[in-house]
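Chemist: Residues per chain are reported as follows:
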Amino acid sequence: MTQLGGAAGIAAPEAERRSALEYLKGLLDKAGPIVAILILGIFLSIRTDRFLTAQNFTNIVRQAASIGLIAIGMMLAILTGGIDLSVGALMALSTILMGKAVQAGWPGLWPVLVCLASGFLLGAFNGLLLTKLKLPHPFISTMGTQNIFRGACLLLTAGTPISGMPPAVKWAGSSFVAGALPVSALILILVYLVFGFFLRNTTLGRHIYVVGGNTTTARLSGVNVDFTLVMVYALSGLMCGLAGLVLAGRVDAVYPMAGIGWETDAIAAVIIGGSSFFGGRGNILGTFSGLILISVLRNGLNLMNITPDMQTVILGTVIILAVFIDVVRNGGFAKVKKL
Amino acid sequence: MDGSPPLLSLRGISKLYPGVRALDSVDLDILPGEIHVLLGENGAGKSTLIKTILGIEAPNGGEIRWKGRRLGAYGIREAYAMGIAAIYQELNNVGCLSVAENLYLGNEIPLGRLRGTVSPSRQRAAARAALARVGLAVDPAIAVERLGVGQKQLLEIARALDRKAELVIMDEPTSSLSRSEIDQLLGLMAAMKAQGIAILFITHKLDEAKKIGDRVTVLKDGKKVGTLGIAEADEELIIKMMVGRKLEEKYPRRSARIGAEALRVEGLTGARFRDVSFSVRSGELLGLFGLVGAGRTETLRGIFGADRVAGGAIYLEGELARIERPADAIRRGVSFVTENRKEEGLTLIHDVVENATLPSLGSFCSLPAVVDQGRRYAATMDYGRRLNLRPLHVRKRAMDFSGGNQQKIVVEKWLMTGGKVFLFDEPTKGVDVGAKTEIYGIMNRLLEGGAAVIMVSSEMQEILGMSDRIVTMYEGRVTGEIANGPEATQERLLIMATGGGLE
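Chains A and B, in that order, give the protein sequences. So the first sequence is numbered by my numbering: it starts at 1 and just counts up by one. So the second sequence is numbered by my numbering: it starts at 1001 and just counts up by one.
Derived from the structure by calculation, the hints contain no laboratory data. Since we're looking at a predicted model, the values are computed, not measured. All C-beta atoms, glycine included, are put in the ideal place defined by N, C-alpha and C. One should not assume that every hint holds.
Said to hold, decoys possible - Label pairs and their in silico Cβ distance ranges:
1) B/LYS1210 x A/LEU128: 54 to 60 Å
2) A/VAL327 x B/SER1366: 37 to 43 Å
3) B/SER1119 x A/LEU135: 36 to 42 Å
4) A/LEU128 x B/SER1366: 57 to 63 Å
5) A/THR58 x B/SER1366: 35 to 41 Å
6) A/ASP309 x B/ARG1021: 26 to 32 Å
7) A/THR216 x B/GLY1148: 19 to 25 Å
8) A/LEU128 x B/GLY1148: 35 to 41 Å
9) A/THR216 x B/ARG1146: 55 to 61 Å
10) A/VAL327 x B/ARG1069: 33 to 39 Å
11) B/ARG1146 x A/LEU133: 23 to 29 Å
12) B/ARG1163 x A/MET310: 50 to 56 Å
13) A/ASP309 x B/ARG1128: 38 to 44 Å
Claimed, not checked - Only pairs whose alpha carbons sit at most 25 Å apart, straight line, appear in this in silico SDA-like list of lysine to any residue:
14) B/LYS1342 x A/PHE277
15) B/LYS1051 x A/LYS134
16) A/LYS134 x B/GLU1324
17) A/LYS134 x B/GLY1480
18) B/LYS1342 x A/VAL327
19) B/LYS1342 x A/HIS137
20) A/LYS134 x B/GLU1298
Unchecked claim - Facing chain A, from chain B, some residues (calculated, C-beta under 7 Å):
21) SER1366
22) PRO1368
23) ALA1369
Please model the entire structure based on the sequences and the hints provided.
Modeler: Okay, here's the thing in structure tokens:
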């Protein structure tokens, strides 16, 4: 994309016009997994008669909702060159706190607020560990908090679920609008749109990219790097809280072992979506396509009666394949080979 | 040397990148034991030529001969094995490993004859001899990260010599060295030449080329302009060959009116500078001169809030300014064009728009914190045009621009903040002659617009050519101040900058 643009730049530096073809190529670069989703979709439509049904699509989207929200926060962390391994445990802890509020009889929307606020604050705690204690990499700090949060869940509940969620939570997790559209899917799409705008068009959004691209340059250009990082992890926590809300609404309970291993799926969605693991590069449309690819794949494997054990193997293969395709596309393969 | 067959011979080498002809049918002969100087503006194709010789880039056309034998496609490993070595501008050694380990990296000395083993003691012993050959007196057991830039360079040369390199490519080796280090390096190069080793020497400094080179080849726009014997190559002719026109004046004149005091520092003290005091007025260029390591960069960083200062005061337009972080300085109209544009000035993977509008992002917001994309694109184009950014293609990533144009992007980002005090740290380092004059022109326009400029430079000519007033530093302290007039001679500046007697 840049290369074609470069050629145009030499020929006519005054104006930068992009042809429809280049635009399409750019779109493909951003949403490469969409092609894979289409191929997979066609394959599954032929192989199984249950794939192409409205009921099944509802299923896919509802299952994708929680992971999808978590993937947004993960993407923010990865954009800054970091990672958030605590997402699953953080989600569980914020829902447990919500469950405690419900048990204590807090009325109306208070439990919802507890869930979201605790998600945000626990995330901010991750960010502060990184910026104030200057721990070398968030891999370490969030691996630590992952254990702390999970342990706290178990301590608070003695290992047993809390059931009976308030109406607002159940609405978010399991009701439909216009008869067929799950509310959780609407929340997912709305949040993706909001974050798309946030990342592209706000100062904090742009600062996230620059901090990931070159922290020193960002700092010397007046960017408040610490604030940016704390906000990234806090927003990741907030998204975990929201994901927990949707999950709790779907199953009408909160349980302390929720979300184990979810960080892997979230990272997979982000990386399949084309974000760079070194930070500074990635976009929301890519992450969304990565998410849908994983969800359709899981769904298809279920429909084809493939065992969960085998599913795990296949998902792992897809992650490696997706990253490899990305390497080849960026010409990195040729470079690596030569050196 | 005449009549001997060339060591390396390039014929009709072309390299195409999509839309760009980086090398256009270039011929080049390097003779055994000659120091061949390669000159050219940034973007003239020097880097591509080096990469082609090293086998990092495969040419699209032409042939390469090594000692008369025609080479097929080859990679960097084969190039090393043949006897070609490269000393890069950005040195690539492993900082946490020892000097000896770096010296034999990829070529380890085994325990006895056991392949795959390493004998640290034998490596250290061998390293001592190898280091002595290049005049590097350090303990081979210490970590490389403790060496200075010049020492690391010598280590790389020791490595090349150890591998029996017959052609050593040196990519601007002197650009970050102090005067004495440069002299040491040039001496070593002469000794290598005497041993029959050929050197391809890329530099921007014409005086070094004159001093040590045998022949000079000039590239421009991917084409070879010509090869000259060093005796025929006078400065004016070379500049004309490089830029295709005559530079009327290396240091353009300005008509800035020197006004009120813009910045004053009093007793500023930090980790590597003590009790530094000076001031600069609007419309005035203050040159800050000293040897590498004199604390000039650190002083600028202190003023800008990039490092903590331990004491002292900073006044902006006569008012005491509390600057604790770069954001404070930027808000008060202070800009800092850093020395290392790649590490500190740019995010290379992002486009020009992102880089240029980073410090001023807030001013492109329509609603609070919502960036107006159209406006920041238009402004980046506008400033890019004024700075003669080439190519004027602001959606290209910063990494795809040549060094001189990258520097323009850094300058652009600070111009867009509308600052009143500009701190320039080695603004023309690694920048070719043509782009240098353009950068001086930009500084002059800033001064004419009423800005104050402090320029740190290790090039005495640049300091003398551009400054209104000069402050010298030595070992972290101000050692003198002088108006740039007849008394400001090179000798006097050098005495001041080496802590010698003030009068």
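Chemist: For each hint, tell me whether it holds in the structure or not.
Modeler: Hints and how they fare:
At roughly 58 Å, the beta carbons of B/LYS1210 and A/LEU128 sit within the given window of 54 to 60 Å. Separation of A/VAL327 from B/SER1366 is about 39 Å and conforms to the stated range, judged on CB atoms against 37 to 43 Å. In this structure the hint that B/SER1119 and A/LEU135 lie 36 to 42 Å apart at CB holds, the actual value being about 38 Å. For A/LEU128 and B/SER1366, the hinted distance range of 57 to 63 Å is not satisfied, since their beta carbons lie about 32 Å from each other.
Take A/THR58 and B/SER1366: their Cβ atoms lie about 39 Å apart, and the range 35 to 41 Å holds. Between A/ASP309 and B/ARG1021 the C-beta distance comes to about 56 Å, which lies outside the given range of 26 to 32 Å. Between A/THR216 and B/GLY1148 the CB atoms are about 20 Å apart, so this pair conforms to the stated range of 19 to 25 Å. Here the CB-CB span from A/LEU128 to B/GLY1148 is close to 37 Å, well matched to the stated 35 to 41 Å.
Look at A/THR216 against B/ARG1146: about 21 Å separates their beta carbons, and that is not inside 55 to 61 Å. The hinted window of 33 to 39 Å between A/VAL327 and B/ARG1069 holds, with their beta carbons roughly 35 Å apart. Between B/ARG1146 and A/LEU133 the C-beta distance comes to about 27 Å, which sits within the given range of 23 to 29 Å. The given range of 50 to 56 Å is respected by B/ARG1163 and A/MET310, whose C-beta atoms sit roughly 51 Å from each other.
Here the CB-CB span from A/ASP309 to B/ARG1128 is close to 58 Å, at odds with the stated 38 to 44 Å. With a C-alpha separation of about 20 Å, the suggested pairing of B/LYS1342 with A/PHE277 holds against the 25 Å cut-off. Under the criterion of a C-alpha separation no larger than 25 Å, the hint pairing B/LYS1051 with A/LYS134 is inconsistent with the structure, at around 39 Å. For a cut-off of 25 Å, the pair hint linking A/LYS134 to B/GLU1324 stands: about 19 Å separates their Cα positions.
Only pairs whose Cα atoms come within 25 Å are accepted, and A/LYS134 paired with B/GLY1480 is rejected, the gap being roughly 40 Å. Note on B/LYS1342 and A/VAL327: the hinted pairing holds, with a Cα-Cα distance of about 23 Å set against a maximum of 25 Å. For the hint pairing B/LYS1342 with A/HIS137, the CA-to-CA distance comes to about 23 Å; that is within 25 Å, so the pair holds. For a cut-off of 25 Å, the pair hint linking A/LYS134 to B/GLU1298 stands: about 23 Å separates their Cα positions.
A distance limit of 7 Å between C-beta atoms decides the matter here; for B/SER1366 the minimum to chain A is near 10 Å, and the interface restraint is violated. With 7 Å as the threshold, the beta carbon of B/PRO1368 stays out of range of chain A, its nearest partner Cβ sitting at about 9 Å, so the hint is violated. For B/ALA1369, the shortest C-beta to C-beta distance to chain A is roughly 5 Å, which falls under 7 Å, so the interface hint holds.
Going down the numbered hints, you'll see the structure goes against 4, 6, 9, 13, 15, 17, 21 and 22, while the others check out.
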